[in-house]
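S.K.: Read off the chains here:
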Amino acid sequence: MAEGHSPLAQFEIKKLVDINIAGIDASFTNSSLFMVLTVATVTLFLVGGMRRSETVPGRWQSMAELSYIFIANMLKDTVGSEGRPYFPFIFTIFMFVLVGNMWGMMPYSFTFTSHIAVTFAMAFFIFIGVTLIAIAKHKLHFLAFFMPPGVPIVMAPLLVPIEIISYLSRPISLSVRLFANMLAGHTLLKVFAGFIISLGIAAGWLPFVFVVALTGLEFVIAFLQAFVFTILTCLYLNDALHLH
Amino acid sequence: MASDDDTSKAPPGDLDAFGQKLKKARETEESRRLWKSDVNKPPQTALGLAFRVSVELVSAVAVGFAIGWGLDYLLDTKPWLMVVFIVLGFAAGVMNVYRLASGMGNTMGYKKDDATGNEAPGTPEEGKDRRG
Chain A
1 MAEGHSPLAQ FEIKKLVDIN IAGIDASFTN SSLFMVLTVA TVTLFLVGGM
51 RRSETVPGRW QSMAELSYIF IANMLKDTVG SEGRPYFPFI FTIFMFVLVG
101 NMWGMMPYSF TFTSHIAVTF AMAFFIFIGV TLIAIAKHKL HFLAFFMPPG
151 VPIVMAPLLV PIEIISYLSR PISLSVRLFA NMLAGHTLLK VFAGFIISLG
201 IAAGWLPFVF VVALTGLEFV IAFLQAFVFT ILTCLYLNDA LHLH
Chain B
1 MASDDDTSKA PPGDLDAFGQ KLKKARETEE SRRLWKSDVN KPPQTALGLA
51 FRVSVELVSA VAVGFAIGWG LDYLLDTKPW LMVVFIVLGF AAGVMNVYRL
101 ASGMGNTMGY KKDDATGNEA PGTPEEGKDR RG
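From first to last, the protein sequence lines stand for chains A and B.
Last residue of the first sequence? That's 244 in my numbering, and every number before it is there in order.
Last residue of the second sequence? That's 132 in my numbering, and every number before it is there in order.
These are calculated hints, taken from the structure and not from any lab test.
Heads up, the beta-carbon is just placed ideally off N, CA and C, and yes, glycines get one too.
Wrong hints could be hidden among the right ones.
[As the list claims (entries may be wrong)] Computed Cβ-Cβ distance ranges for the label pairs, DEER-style:
# : chain 1 : residue 1 : chain 2 : residue 2 : range
1 : A       : 26        : B       : 15        : 49 to 57 Å
2 : B       : 78        : A       : 8         : 48 to 56 Å
3 : B       : 75        : A       : 125       : 24 to 32 Å
Please take these sequences and the hints and turn them into a complete structure.
M.R.: Spelled out as structure tokens, the structure:
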């Protein structure tokens with residue numbers, strides 16, 4: 001198959017600027033480009049919105065404040081007031097994933113959240129960070145995490161490994177969910193779009209209707225997955241802060 | 001500073017009326033749902049739930065496999081620890097799914113999270129305080 005016609009061609013990493021530091025390939029790729037674009041968009045959106053903070057906010061400021069309140073409420077509902085110091089982190093994750101997903105919805109763009117390398121890196125650092133927070137806060141009591149209360153001690157040799165595996169599977173399920181949703185959605189769009197061409201005028205309108213509907217659905221999924229990623233981070237944080 | 005075109009048009013008296021209206025609007029069921037949402041449970045479609053359950057199950061088995069394989073490699077006990085840990089991983093996966101299904105927080109923690117559950121005071125008043 002020719003390049004560009006495969007539904008997976010959109011996920012290809014292309015090097016834009018070759019950078020090689022001590023044998024490590026640190027090239028600036030299209031993935032990096034869209035991450036930079038995402039950060040720039042978020043910064044512009046928030047700094048621009050709050051440039052003149054009015055008592056009665058305008059449209060732009062309202063949107064910036066809405067996103068703030070949305071995450072602040074989410075954090076308060078899931079973690080409580082103890083989660084407040086971690087608000088900047090949670091907010092950054094949400095905006096980064098959301099705007100990255102939204103950039104991915106632009107035609108000819110690249111969706112960096114559709115790469116397991118990106119989502120797993122994020123999930124992995126969240127996992128490490130949350131574990132460190134739990135250890136710092138609870139010291140050795142942290143190990144109680146792996147031993148449910150009220151369980152007879154005889155069961156411990158069986159339960160503790162299971163709990164540890166269950167705990168270690170968190171970053172995987174966190175990252176796979178975001179990555180698989182974005183990958184599947186974008187592939188599906190491309191496949192249906194390909195049908196339009198191959199079916200031509202005669203029946204091409206049918207997949208076209210599907211593509212229009214799927215695009216709408218993809219926008220919902222783009223938001224929902226950013227939301228789910230953030231809320232799971234909040235719940236992990238909640239676990240770390242409030243051990244049973 | 002405060003000389004935005006849209007806002008300065010309204011006389012100050014109107015602002016109070018607007019405040020009343022805003023407060024009333026925020027107290028309606030609709031906006032309450034929008035603001036508070038049931039954040040503990042992200043909106044779920046049946047497909048989304050099915051997908052989540054499968055990911056939870058498979059990821060635990062994958063972790064079990066990885067641990068078993070790694071320990072085998074270190075201890076030279078191929079393939080016994082891998083077998084044991086895949087079974088344990090499967091058990092962990094089933095437990096993940098059980099926790100997910102029974103709503104005991106999303107796959108972690110052992111208590112039902114009643115502290116953060118239904119009565120969380122997520123009032124939309126926050127933005128107001130912050131600006132002062």
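S.K.: A separate judgement is required for each hint: does it hold in the structure or not?
M.R.: A quick look at each hint next to the structure:
Taking the beta carbon of each, residue 26 of chain A and residue 15 of chain B are about 55 Å apart, inside 49 to 57 Å as hinted. Evaluation of the 48 to 56 Å hint for residue 78 of chain B and residue 8 of chain A yields a failure: the beta carbon distance comes to about 35 Å. Taken as a hint, the range 24 to 32 Å holds for the pair residue 75 of chain B and residue 125 of chain A, whose Cβ atoms sit roughly 30 Å apart.
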